[in-house]
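Engineer: For reference, the chains in residue letters:
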Amino acid sequence: MIFALFTLLSLSANAPETPRQARPTAFVEARILPISGPPIDNGVLVVRDGVIAHVGPPDLTPIPADAVVHNVRGMVLMPGLVDTHSNIGGGSGADSTDPIQPEVRVLDSINVRSSSFQRAQAGGITTVNVMPGSGHLVSGQTVYLKLREGRRLEDLSILSDEGMPMGGLKMANGTNSRRDPPFPGTRAKSAALVRKAFVEAREYLLKREDDEDHPRDLGLEVLGEVLENKRVVHHHTHRHDDILTVLRLREEFGFRVVLHHVSDAAQVAEEIARAQVPCSIIIVDSPGGKLEAKNLSLENGRALEEAGAAVAFHTDDWITDSRHFLRSAALAVRAGMSRDKALAGLTLEAARMLDLGERTGSLEVGKDADFILLDGDPLSVYTKVVETWVEGVRVFDRNDEEDRLWATGGFGAGEDSPPGCCGRGEWE
Amino acid sequence: MKLAAVIALGLSLSWLLSQPAQAQSLAVRGKVIHTAAGDPVVDGVVVVVDGKIRAVGPAAEVVIPDGFEILEAQVVTPGLVDAHSVVGLAGWLNVPHDQDQLERSEAMQPELRAIDSYNPAEPLIDWVRGFGVTTLHTGHAPGAVISGQTLIAKTRGRSVEEAVFVPRAMIAATLGEGAVRGEKKAPGTRSKAVALLRSELLRAQAYVAEREEKPDKGRDLRLESLGMVLQGELPLLLTVHRAHDILTALRVAEEFGIHLVLDGASESYLVLDELREAKTPVLVHPTMRRAWGEAENLSMETAGALLEAGIEVALQSGYESYVPKTRVVLFEAALAASNGLSFSQALELITIRPARILGIADRVGSLEVGKDGDLALYDGDPFEYTSHCIGVVIEGVRVSAEVR
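Residue numbers (my numbering), protein chains in the order written: chain B, 1 to 428; chain C, 1 to 404.
Hints are computed from structural coordinates only; laboratory data are not their basis.
Computed from a prediction, not measured in an experiment: that's the story for all the values here.
Wrong hints could be hidden among the right ones.
What the hints assert, rightly or not - Here are the computed distance ranges between Cβ atoms for each label pair: (1) C:203 to B:336: 56 to 62 Å; (2) C:96 to B:98: 54 to 60 Å; (3) B:376 to C:63: 38 to 44 Å; (4) C:74 to B:154: 50 to 56 Å; (5) C:183 to B:154: 38 to 44 Å; (6) C:74 to B:151: 48 to 54 Å; (7) C:74 to B:98: 53 to 59 Å; (8) B:411 to C:104: 27 to 33 Å; (9) C:39 to B:308: 45 to 51 Å; (10) B:185 to C:401: 41 to 47 Å; (11) B:74 to C:39: 53 to 59 Å; (12) B:180 to C:32: 57 to 63 Å.
To be verified - Taking beta-carbon pairs under 8 Å as the criterion, some of the chain B residues facing chain C (in silico): (13) 37; (14) 75; (15) 76; (16) 293; (17) 295; (18) 319; (19) 333.
Just so it is clear, CB atoms sit at the ideal spot from N, CA and C, and this is done for glycine as well.
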């Protein structure tokens, strides 16, 4: 890992345009789960310049003569996991002065040296949506990261076609954002404040269109991006009526939204599916812990799948540990979700919810070489993530003593910057 | 058993008389029966008569009496024993009216009885039972120097009287960061917490001596409870995580001759020799506990390290302040099994080993003739994420038929 880090850093420092890998890398004799297609036994994956060059059965997949070949017989090779909602890096969002603070960016407070990044790599996570908290109607901008080795946020962030760091907007309803004024005291007030903000943003967009010199407003600008479908809303919501309120506001303002947590999903799965709104769900070990999560069920994945809604999972790390992310899908399968949809919910479906479905989340030619090697069935408790690769670079190797410490825990593996969320009773 | 003696001492007859009279008889057939008392029995049978195990063995050898209801499963285990929980006191909704695990007005309140708080209708009891848990050691939570008492219950019953079989199990205490209080209330530091505990133990010593001389002296519920710890009638269940706090706990226990049971003990792998020498059992933190604060250095391999060092160890669901409101020992043992333990070692951590540490191994923790007919039924490897618990039996009564 250290060597990989050094290589990456020296390259990026000296010659940012140089491809990460001079020679292609081939992984042979793997059981490959492309997610975008059926499993391939004895499969071959070829990586060149951080991108998947070939993937398929050995007879159809040419291995370049100069390739570095890794024989991974007996291992499962699947896309790196995509965590649609996490708090790794100890970042912060809005403060207590206002319930609506779209101008706040979580990227301005993330500590990329936090050990939570190593733990996420050890869990097989290669792409993550880091979110600010849920104690606000709008708590700020989220950021999509690749878990590359890096020293600065910029080393990890994913850039849009326009060269901007990608991310969504974190919103929440229900009880977390209800407090003393200026925060809302009821659900109806919460919705009213959100509607007012979007109405203002609409007017702001018109003014800026008419008059280029109209002064910029960072908050309204971001809400405007949401209205123009340039930024996805990642909406914390638990209770069935709160879920429907999100769908109602989405209909009124036409924004794109991913529902997060969705504790009561099973009760309103048909409405969610009809609205074609995707869900990023959480799987925890018991219901409750807060009033509005009392119906939180292992069966939400099954219910949403049956209704026809898109489902992904999230860790909400520290609510669940990034190292156990595969477990979320496995427990959903325990409760009746199909294996295929559950695995897609950790990868391709999750990537789509972050507008990254063209770049990662499945093993297809031309996509980023983000993948993991497992020593068994991804849904078995006995299976370990053996290696994690991001864009063709190995960022976790369980056979490396130092990396192994992040996987198992132990002296020195502790979190150096836990998020502010936990302990204050504001569940993400 | 010390703990059994406590029943007679404190809460005698009314408890015994109020045990539910619904104990029944049935047989359970399993493709594999893990007894936690020797090798697994392939194609086996457990016969329960009047709530107690009458026979365990291969189907070819064990006769099932005529007319017995027969349950079938791929895998059968003893009913699981959660070594330490707060279920029943810390309710699922996590609102003030259902949080009875910690009273913060004073730093030390050993007189708080868990039986006066345990809510047998709490949904989390049903939740953990659905995964095979039949015995819970539960009660007051970590978070005060002495938070109160614990109890041991079966996961059944409409009243605490029906559920409980050891009404006073241990006195729960905390040292280290977890004991420290803010706002200029004592204890404000680690050392102050220890000083408070030692002072109170000294007062209890004096109280016990005085009561022996003058039985008519007025009772002091607080000192009386601590006196039971000093007299070896109750263990002190002490939650600590850092290695130096663990050593402090051993120091205090030695000074007062206390039967110590360590709880949490994240950094116990650093002080294995000392723990073995002191013969201190450890209820190790849940394998999936969050690694932060004073537990930041926890390892998923600690249970294995303790076992290997010859230290008595069991796994617990622990205390959770938020989401999830409880963990499930089945899942915690599963993760231990995938982090270096064999299947049977991991199963023992949630069956016979906690039963021994809790002093109830004569009743529960393994499938042996004469023990309570408590069983958990699974449709596959119980530790696999995608297996299900398909039935739970407590003292011969099928208490759950849910597939979970």
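Engineer: It remains to establish, for every hint, whether it holds in the given structure.
Structural biologist: Verification of the supplied hints:
Distance hint for residue 203 (chain C) and residue 336 (chain B): a CB-CB separation of about 58 Å, consistent with the stated range 56 to 62 Å. Checked against the given bound of 54 to 60 Å, the beta carbons of residue 96 (chain C) and residue 98 (chain B), roughly 28 Å apart, lie outside it. In this structure the supplied range 38 to 44 Å holds for residue 376 (chain B) paired with residue 63 (chain C), their Cβ-Cβ distance being about 41 Å. The beta-carbon spacing between residue 74 (chain C) and residue 154 (chain B), approximately 53 Å, falls within the hinted interval of 50 to 56 Å.
Restraint check, residue 183 (chain C) to residue 154 (chain B): a C-beta distance of roughly 42 Å satisfies the suggested window 38 to 44 Å. Between residue 74 (chain C) and residue 151 (chain B) the Cβ separation comes to about 51 Å, which falls inside the hinted range of 48 to 54 Å. Checked against the hint of 53 to 59 Å, the C-beta distance between residue 74 (chain C) and residue 98 (chain B) comes to roughly 56 Å, which is consistent with it. Checking the proposed 27 to 33 Å range against residue 411 (chain B) and residue 104 (chain C) shows it holds: the Cβ atoms sit about 32 Å from each other.
Evaluation of the 45 to 51 Å hint for residue 39 (chain C) and residue 308 (chain B) yields a pass: the beta carbon distance comes to about 49 Å. Taken as a hint, the range 41 to 47 Å holds for the pair residue 185 (chain B) and residue 401 (chain C), whose Cβ atoms sit roughly 45 Å apart. At roughly 29 Å, the beta-carbon separation of residue 74 (chain B) and residue 39 (chain C) lies outside the given 53 to 59 Å, and the hint is violated. Remark: the range hint 57 to 63 Å for residue 180 (chain B) to residue 32 (chain C) is upheld by a beta-carbon distance near 58 Å.
The closest approach between the C-beta of residue 37 (chain B) and any C-beta of chain C is roughly 23 Å, which is over the 8 Å cut-off, so the hint fails. Because the smallest distance between the Cβ of residue 75 (chain B) and any Cβ of chain C comes to about 16 Å, over 8 Å, the interface hint for this residue is violated. Because the beta carbon of residue 76 (chain B) sits about 15 Å from the nearest beta carbon in chain C, more than 8 Å, this interface hint is broken. For residue 293 (chain B), the interface hint holds, since its Cβ comes within 8 Å of a Cβ in chain C; the closest pair sits about 6 Å apart.
Interface restraint check: residue 295 (chain B) against chain C, minimum CB-CB distance 11 Å, threshold 8 Å, status violated. With 8 Å as the threshold, the beta carbon of residue 319 (chain B) comes within range of chain C, its nearest partner Cβ sitting at about 6 Å, so the hint holds. At a threshold of 8 Å, the smallest CB-CB gap from residue 333 (chain B) to chain C is about 5 Å, leaving the interface hint in force.
Going down the numbered hints, you'll see the structure goes against 2, 11, 13, 14, 15 and 17, while the others check out.
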